[in-house]
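K.L.:
Each residue of the sequence shown is one higher than the last, beginning at 36 in our numbering.
Treat the hints with caution; some may be incorrect.
To be verified - Restricting the straight-line Cα-Cα distance to at most 35 angstroms, the calculated cross-link-like pairs of lysine-lysine (DSBU-like) are:
id, residue 1, residue 2
1, K314, K486
2, K146, K314
3, K433, K486
4, K146, K279
5, K118, K618
6, K433, K279
7, K466, K433
8, K146, K118
9, K618, K146
10, K618, K466
Source of the hints: derived by calculation from the structure; they are not laboratory data.
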Amino acid sequence: MNELEHFQFLRPWWLLALPAFILFWIALRRRFAYRGWEAVCDRELLPYVLIERPARRHYVAPSLTALACLLAVLALAGPAWQKLPQPVFSSQRALVIALDLSRSMIASDIKPDRLSRARYKVADMLRLRAEGQTALLAFAGDSFVVTPLTDDVATIISQLDALHPDIMPAQGGRADLAIRMAIDLLRQGGVAAGDILVVGDEIDPDQTLAAVSAARDQGYRVSVLGIGTEAGAPIPLEEGGFLKDDSGSIVIPALNEADMREIGAGGDGIYMRMTEDDKDVTLLQEYFVEDSMSEELANTELKTDQWREEGPWLLLPLAALVSLIYRRGYLAILVLTLLPLSRPAQAFEWRDLWLREDQQAARRFDAGEHADAANLFRDPAWKGSAQYRSGEFAEAEKTLDALPDAESRYNRGNALARLGRYQEAIAEYEKALDAAPDHADAMHNKELVEKELQEQQQQQQTGGDQDKEQDQSEQQDSREGDQESADKNDKQQGEQAPQNSEQQPEGEPGEQEESNPKQAGEQEQQGKTQEHESESVGEETPGDRSEQIQASRDDLSPDEQKQATEQWLRRIPDDPGGLLRRKFLYQYQRRDTGRDSGDKAW
């Protein structure tokens, strides 16, 4: 009896369908009722008028249909009268990942290199985290925040590809600074219990144990994921060769597992060496989740009552009724009756209920679907960036035209450079530098475009000089042809002249050679000039080829112009870590730059 006092419907709005089904039952009953003489004749006279009266079985079908509809509505309304106690638990344990970005992480003792494998492992671990906040730090000679505590792991994953030792303002192995920064992040986020995971290849215990003890005292555990091998490998340099120490010996950093185990034990955490499969990240994630759940469940006594829904029990008689109705074909009538009228079709997707257009655009941008992202973005800066990455340079230039900030000016300059409008691109770079004088990328690209513009102008001038030299060469060839014709005539006259002197034939060649020494000198100089030009053509450089492409742009088709521009613009580097590099450098300069980076200089 007490249970019936708590009877309620979990979804009572479904009861609004009952009047509609009652009207439907009445209409269906009238449809099956016998029409004709009953409307005009008294009930007492019907047996004498009608030969055969309809059987009452015709009223069974609408009654069964109405009963089935009633049971369906009651089941959907969710009847309930019992409460079941359920424990309340939501994991509040956070994880801060500190990734080593020192030079030793580009060693290739594991393929393709340590840093690439570390990024893969971090991405796998982030995908396994179903709940809880996560942050990402990068450290070398100092520590910096890449992403603060957040529930959006997709944002952190999108930042991983930009992480490289080149973006760090100082080299070293200060894992202790990363641990202390992780402590500050957790405390500022109000996290009472959390985990700190250091991902790297070398840790100095003498320098790091104090920070580990501080984390343990605050209630935070420190674990380590080792990347690399004990044999180690040299550190390659961009210009070729390998990194050497002060004595000239090649540096071969190795994985120091003993020190890392000491750090894990001192921080009440664990040490895990990187494996070829995902066993390492799976075990680490299970360690973080299981310990946090057991600890928090033990410390909480909060529980809530959840209603037990009894509606599914009504599906059993409903299934029996539907089977009877289906045999007589009445179910099809019911379905056709309930079908709504057609409405105009609208472009609508399920994700539109949960994500705004800018959120959908950001996800497509991160997935590399830049064209779709450009159509969804409403923010001009993001829209212009998506258009640029999708190759719509003209649209990107127009979108970014009204934005005054340095990044928008810089991006518009890149779009103009892609379109071959170098003067306008230089002007945009200058505007970006006026707004942000320390914008290194804008300064670098401005120098590249100025150099290319100067080479183009020189090529145009060189083309004019070559046309003039060609005209002079044609005139010289004409004079040489006249001279050859005159020599031929002289020879014919010499053959016709009397041969009574023996010295005259011997003297004629000498006289011809000495007759025009100035012309011979000009011919010799012309030969040297042509030889020099031939050598210059043979020693053509990539810059000369670029100049020729730009000089002959007017003679190319639009597709050929686009291809030529693409070839030149490949020289402009696409640096995804440029923003982080400037951010870290700015923070590093504001700190105490006299901070010791440790014994490790790589």
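K.L.:
All the hints need checking, so say for each whether the structure fits it.
P.N.:
Hint-by-hint comparison with the structure:
1. K314 to K486: 52 angstroms, violated
2. K146 to K314: This hinted pair holds, its Cα atoms lying about 18 angstroms apart.
3. K433 to K486: Between K433 and K486 the Cα gap is close to 25 angstroms, so the pair holds against 35 angstroms.
4. K146 to K279: 22 angstroms, holds
5. K118 to K618: Distance of about 55 angstroms is beyond 35 angstroms: violated.
6. K433 to K279: 50 angstroms, violated
7. K466 to K433: Within the cut-off at roughly 16 angstroms; holds.
8. K146 to K118: Not OK: K146 and K118 at ~57 angstroms, beyond 35 angstroms, violated.
9. K618 to K146: 30 angstroms, holds
10. K618 to K466: 20 angstroms, holds
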